[in-house]
Structure formats: structure tokens, C-alpha cells
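Here is what each chain is made of, one letter per residue.
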Amino acid sequence: MTISQKPVVGQPVEAIPETIPNGPGAAAILAAGIGCAAIGILALAGDASKAINGLLNFYKPSGALSGVTTVAIIIWLAAWFILARRWGNKTVAMSRVNIGAFALLLVGVLLTFPPFMDLLQGK
Amino acid sequence: MEITTRDLMTVLHGMGFGALFMLAFSGAIAGLYRMSAPGAPPMSTREQSLLNFWLIAMVVLSWLTVFSGAYGVYPWYRAVPPAGVTDLSNYPRSLLLSSPRTSEWHSLGMEWKEHVAWLAPIAMTMVAYVTMKYGRAIIQHRNMRISVLAFAVAAFVATGAAGALGAFLNKYAPVRGGQSIVLIQGEQPEGGQTPTQTPGVQPQPAQPKGEQP
Chain S
1 MTISQKPVVG QPVEAIPETI PNGPGAAAIL AAGIGCAAIG ILALAGDASK
51 AINGLLNFYK PSGALSGVTT VAIIIWLAAW FILARRWGNK TVAMSRVNIG
101 AFALLLVGVL LTFPPFMDLL QGK
Chain R
1 MEITTRDLMT VLHGMGFGAL FMLAFSGAIA GLYRMSAPGA PPMSTREQSL
51 LNFWLIAMVV LSWLTVFSGA YGVYPWYRAV PPAGVTDLSN YPRSLLLSSP
101 RTSEWHSLGM EWKEHVAWLA PIAMTMVAYV TMKYGRAIIQ HRNMRISVLA
151 FAVAAFVATG AAGALGAFLN KYAPVRGGQS IVLIQGEQPE GGQTPTQTPG
201 VQPQPAQPKG EQP
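Protein chains in written order, with the numbering used here: chain S, 1 to 123; chain R, 1 to 213.
Any given hint could be a false lead.
Derived contacts from chain R toward chain S, CB cut-off under 8 Å, selection only [stated by the list, open to error]:
# : residue
1 : L12
2 : F53
3 : P75
4 : Y129
5 : V130
6 : A137
7 : M144
A short list of chain R residues far from chain S (calculated; beta carbon distances all over 10 Å) [claimed, not checked]:
#  : residue
8  : M1
9  : A24
10 : F25
11 : V59
12 : V66
13 : D87
14 : P100
15 : I138
16 : A150
17 : A154
18 : K171
What the hints contain is simulated information worked out from the structure, not anything from laboratory work. The structure displayed is predicted, hence computed values, not measured ones. Note that beta-carbon positions come from the ideal geometry of N, C-alpha and C, so glycine has one too.
All chains should be built: construct the whole structure from the sequences, respecting the hints.
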């Protein structure tokens, strides 16, 4: 793939390498979406169920927030690791990854928003 | 001039880490856009290194912000007052919930802030990783550029929401108390009056014995 560059006099310009497979980037993007959605889903679960809230109470002074965030970070990093292993040297359908990542990000935003959480719980 | 340990931690969380992270967005988004904008002159190696450093600093700041908030400030915010306590100024959550005029600052404001803020470090870590992994080569991946910019903007919006709610919460129910740290000893006021007490700091044992819910 040839890419035209305007040379900038006096400054070394970063060379554009040959096409890098989009797999590693796609893995990071989709994993970020999964992590964001995990925050929202766990926040909703903790809000809806006292039992889950108790399970997520990893550090008493911070309450269930400690469990929600710790578990979400573990899910995010695990998803990133697994996807990176699977897509490391591959080229994947990036538009589908984008749609999935944006949908998951939206889930994360909506499920952390208390009025939406209440709506889902019929409060 | 003095400050309490809780005030210091709150300032560090909100202004030291959070506001600095927020300020850094303008540079990051401009850099990310410029890196991949059609027709833009290519970045020099030095500019690319600067952008990488900028993004790493943002990732560090974003994580410091959420961890200092969740494990430093939040436990003080949600401490439950012991039975019989009527002055709730050291118990912000209880203070807000004690009146229907302020309860939504907790039920909506804090409940959203405490979770939505965590989207920012996850998103920014991804943005920094992809930018550093692909560098200028990201122009070969249009959809990846879109995602990187979109997640950077989402992180900005999440940080803005959390930061704004934090500022309002700090107006209505600030986290106060703790040990006083004298930064500068002032001169005695004329007429030999006794020094006035810092507003909000109770002349009582430094740590209120609040139970955790």
C-alpha cells in the first residue's frame, strides 16, 4: 500500500510500515467495549440484587464499587488477552468490531446511569 | 494556612489527577486527529514520541483519578454516622440523603459518577495502546481511527460528567475533617484575638468514628 507523504524539511518523519494486520488493534478496541459494558452490567446487578451487592463488597469501606470495578477490570484484561491471542496476526472485519465495541460502550454508559437502571428494574 | 488530610486527598483526586487528565484531552484529541487526518503533514518521529508520552501520562492520570476516588475519598463520603449523631457535616452521603432537596445529588449524582468515571481509564488505555502500536500506520485502518477517536471522546464525556458531578457534590456535601496540616503559620491577628476555627473542621478527635454500611 503506497501512501503519499509531504516531506517536512529538517525533521525525520516516521516511516509508515507495511500494512500491519488490524487484529491487535481490533482486540484492544473490542476488549475496551467489553470492559465498559462489564462496569455497567455489574453496577446494575449490584443495584438490583442484595446478594450480588454483598458478593461484590470486596473492600468494605468502598462497598460494592470495589467489586464492580475489580471484576470489570479482570473481565476487560482477560477479554483483551484472549482476543489478542486469537487475532494477533490476523486481519478482521473492523467495521463489525466497531459496531460491537460501540454497542458495548453504549451499554456501559446506559447501565451506569441511575434513571436507566431504575427503569430496567421497574422502580 | 492549613488544610486537612481529607481536603488534601480530595484536592489531589479532583484537581491533581482528574482536572489535569481532563485538561490533557484537548491536546490528545488534536494529536490523534492530526495523526490520521487526510492531507495532514506526517508527524515527525519527535512529534510521535511526544504524542505517545502524552497518552501514557493521560493513562496514568486516569487510573490515579479513579483509584484515589474509589479507595481514598469515597470511603469518607459514604461513612455511616454513629447512632445519635445530629451533625452530619462529616458524613456527606448521609447529609445529602437527609433532605429531599439534596438526596438526588447522591442517588443520581454520586451513583452515576462512581461508575461512569471508570469508563475513561479503560477507554484511554486502549487509545494509547492502539496509537503506540500503529503510529502513523493507523492511516491504513480507517475504522480503527474512528474507534480510537470515538473512545477518546467517550472518555472525555465520562470524565466531564464525573468531574462536574464531583464539583457539585463537593459544594453541597464536601468531604471534610481529618488531621490538620499547617502549611504556613500566619501572623497573630491584631488585638491578640484567638485564631478562628477552619470552617467545617470540628474541634474533636480527628477521625470521626463512622461505621461502614
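Which numbered hints fail
Hints 1, 2, 12, 15, 16, 17 are the ones this structure does not satisfy, whereas the remaining hints hold.
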